[in-house]
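Going down the list, the sequences are from chains A and B. The first sequence maps to residues 1 to 339 in my numbering. The second sequence maps to residues 340 to 651 in my numbering.
Calculated from the structure, these hints are not laboratory results. Don't take every hint at face value.
Stated by the list, open to error - List of simulated lysine to aspartate or glutamate pairs, EDC-like, C-alpha gap at most 20 angstroms:
1) B/K636 x B/E621
2) B/K604 x A/D245
3) A/K199 x B/E606
4) B/K603 x A/D245
5) B/K604 x A/D224
6) B/K604 x A/E200
7) B/K603 x A/D239
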Amino acid sequence: MAESVLEIENLRTSFNIKGNYYAAVDGVSLTVHKNEVVAIVGESGCGKSALALSIMGLHNAKTTKLEGQANLKGQNLIGLPVDKLNKIRGKDLGMIFQDPMTALNPLATIGRQIEEPMDYHMKLSKAAKRIRVMELLEQVGIKDVNRIYKQYPHELSGGMRQRVVIAIALACNPVMLIADEPTTALDVTIQAQIMDLMKELQRITDSGIILITHDLGVVAEMADRVAVMYAGEFVEIADVQSLFDNPLHPYTRSLLNSIPSNMSDKEKLHVIEGIVPSIQNLDREGCRFAPRIPWISAEAHEKNPKLHEVEPGHYVRCTCYKDFHFPEERVEDEHYVTT
Amino acid sequence: MSLLNVKDLKVHFPIRGGFFRSVVDQVRAVDGVSFELEPGETYGLVGESGCGKTTTGRAIIGLNKVTGGEVLFNGENLATMNAHERKKHMRDIQMIFQDPYSSLNGRKNVLNIIAEPLRNFERLSPKEELSRVQNMIERVGLNPESIYKYPHQFSGGQRQRIGIARALMLNPKLIIADEPVSALDVSVQAQVLNFMQEIQKDFGLTYLFISHDLGVIKHICDRIGIMYKGRFVEEGTAEDVYMDPQHLYTKRLISAIPEMDPAKKFEKMEMRKEINAAYRTEYDSYFDKDGRMFDLKPISPTHSVAIQQGGM
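Bound-form chain A, shown alone (with noise of 0.2 angstroms):
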């Protein structure tokens, strides 16, 4: 296995409601390798971006208590304080964001934007600059890169200022960078591109990559490993085959089923009971996914349920995944003892 390049061990972190703290992310370990790209997937409430925020400090510290780990090439950045930090943000660890309308200052010329972390954390010259925003602008796939330099974000269209944000992001070499949602505002052809444009700087550089995502599609084509997150744990890690392959938890298995495009023709989509909890009214002691899979019995679950490592490099929570089945399986069985 390559070398690892942060390393989360027991991240919590918790927000202020009304006097208490209640972790949004609960005691997430992963551990990230050079040249890997490892996708979170949830819905929405699930903690993904929480735990992306939590890692790159983003949290407004006023509010949120945050515990555990994120060693970056083995220094911890959980309570860095803010200058240290942005020595290493923008540096070593690059981000992503969802939005590229509103992640770039729409002031400020393309060629100043991605110049600027450059200014920050190197001592290039002038030219030199230029020279490095130039390689940039063609490894992200921008043709007309002098005129690009000069332009502002307002004349580019949506797929182009994603490319730019790409290439602000990948300006001082990050040895790991973290994506969130980075093809979601886009349209699907646009989408196909910025990924495929991910996996060839995939090849090029050797950065780990955290990508986070509601889109099991985008998982499908991007990532090497999968972490599936819900009610701010991870219930499943697997290596993106192995997932796809050979699904384990309930809650895998009833977002794969839920896909309209996975599905052969109309037959009905699968829906998950219930709601997503909030934070406040979680059992924290229980399989978190209990309450949504009600058939299920109750001596299928774990008390505590822990991660099990059911094949190498697959883990599962709970132990409710040997007995799961959907509701309509449960049905034809039924029916088949009683014939």
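Dock chain B against chain A, hints included.
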């Protein structure tokens, strides 16, 4: 007879500027679109942002002014009617909007939201009104007590059900659903899609389903029209379009759907590269010299493509 027949629909927006803010040019948002909806079917309108799919939907229901062409609903042309005549037909066409957070008035409770169409078209006593609303609320699977709640007290999926209940209140024949599930999570999206299929059977609805999500469209639609730059690129049954795409743009769109099998990810990337290369070399055979699409030409009873007359 078809329920809705759109013939050569055009919606142009003027660009004003220059001397006395005169009209200097037109944005041809919808530029000659024709399609028919049979009763009980689901017709999907797909395309990327800015292709004119939403404008088409809004022009049919009268939210955008029609520049040219006909919108025949049950054989009567809605495009040329005045507001008074139009009102008689409006109860048969309803709309479901994309964002359940902004399409419901936050200062009205659910009862007032759902009863609004009733109040516009029927004179009912408060008692009758209440019972009609309660029936509908139960029908869409919400708790009967929720009629006195306000939109912010509901989740996204529940709000979309309120929007659907409002649209169903007058027993419409045609529902225009503009990206009804785009703002929802996958599991909630599945809920709403299943529910829309269920009520389609129960109420005998016809859907015009507007979306950019090709997976959703494939799942729910019988026939599909693909739009690009205000014109139709290809039209056919779901199978025609997904299994046998003919136009270069359709191929590009279909190849952009993320591959769900991780083993094939590089295969798919190569495929996209080929199509992009073809875009450069074969562009002229799919677009005329102004970059406009050709008219649709049938290639089978159900399948038409915008290709050059006599070409291919």
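Status of the hints after comparison with the structure:
A threshold of 20 angstroms between alpha carbons decides the hint, and for B/K636 with B/E621 the separation of about 18 angstroms falls inside it, so the pair holds. For the suggested pair B/K604 and A/D245, the alpha carbons sit about 15 angstroms apart, so the restraint of at most 20 angstroms is met. Using a Cα cut-off of 20 angstroms, the hinted pair A/K199 and B/E606 holds, with the two alpha carbons roughly 12 angstroms apart. Of the pairs offered as hints, the one joining B/K603 and A/D245 holds, with about 13 angstroms between alpha carbons and a cut-off of 20 angstroms not exceeded.
Note on B/K604 and A/D224: the hinted pairing holds, with a Cα-Cα distance of about 11 angstroms set against a maximum of 20 angstroms. Our distance criterion of 20 angstroms between C-alpha atoms is met by B/K604 and A/E200, whose separation comes to about 12 angstroms. Note on B/K603 and A/D239: the hinted pairing holds, with a Cα-Cα distance of about 15 angstroms set against a maximum of 20 angstroms.
When each numbered hint is compared with the structure, no violation occurs for any of them.
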